[in-house]
Amino acid sequence: MTRSQAKCPYCDFQGEDQIGMEINSEKRLSEDQMMSVDWEDGYWFNYLRRRNRDQVTLVSLHTDNEFYSFDIDEVEIEYCPKCGRKL
1 MTRSQAKCPY
11 CDFQGEDQIG
21 MEINSEKRLS
31 EDQMMSVDWE
41 DGYWFNYLRR
51 RNRDQVTLVS
61 LHTDNEFYSF
71 DIDEVEIEYC
81 PKCGRKL
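First residue of the sequence shown: 1, per our numbering; consecutive thereafter.
Calculated directly from the structure, the hints in this document are not laboratory data.
One or more of the hints may lead you astray.
For lysine-lysine, the following DSS-like pairs were computed, each having C-alpha atoms within a straight-line distance of at most 30 Å [said to hold, decoys possible]:
# : residue 1 : residue 2
1 : K86       : K27
2 : K86       : K7
3 : K27       : K7
4 : K82       : K27
5 : K82       : K7
FRET-style restraints, in silico, Cβ to Cβ [stated by the list, open to error]:
#  : residue 1 : residue 2 : range
6  : S25       : F67       : 14 to 22 Å
7  : Q18       : E66       : 27 to 35 Å
8  : S36       : D73       : 14 to 22 Å
9  : V37       : G84       : 16 to 24 Å
10 : I77       : K27       : 15 to 23 Å
11 : E40       : D12       : 26 to 34 Å
12 : D41       : P81       : 34 to 42 Å
13 : E40       : Y79       : 16 to 24 Å
This structure is a prediction, so every number in the text was calculated from the model and none was measured.
Heads up, the beta-carbon is just placed ideally off N, CA and C, and yes, glycines get one too.
Could you put together the complete structure from these sequences and hints?
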């Protein structure tokens, strides 16, 4: 297996939600764990999510501008931002 084909923890999709390791904390968190934080403390999570066989998105889950709840930004990507593997 070449380096570009090997999965790193960030693009090794696991669990029901099919997400990789959270990029900022370098921990494997479920989406439920990330959603249950106190958003008033100002959190920012980034992770990869497999939507279907041919679609992967980079998800940014972060505190909203009023520090009350959260906003989600997603962009479709083709390569892992950490290891460069084609997704």
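Can you give the numbers of the hints that this structure goes against, from lowest to highest? 9, 12 and 13
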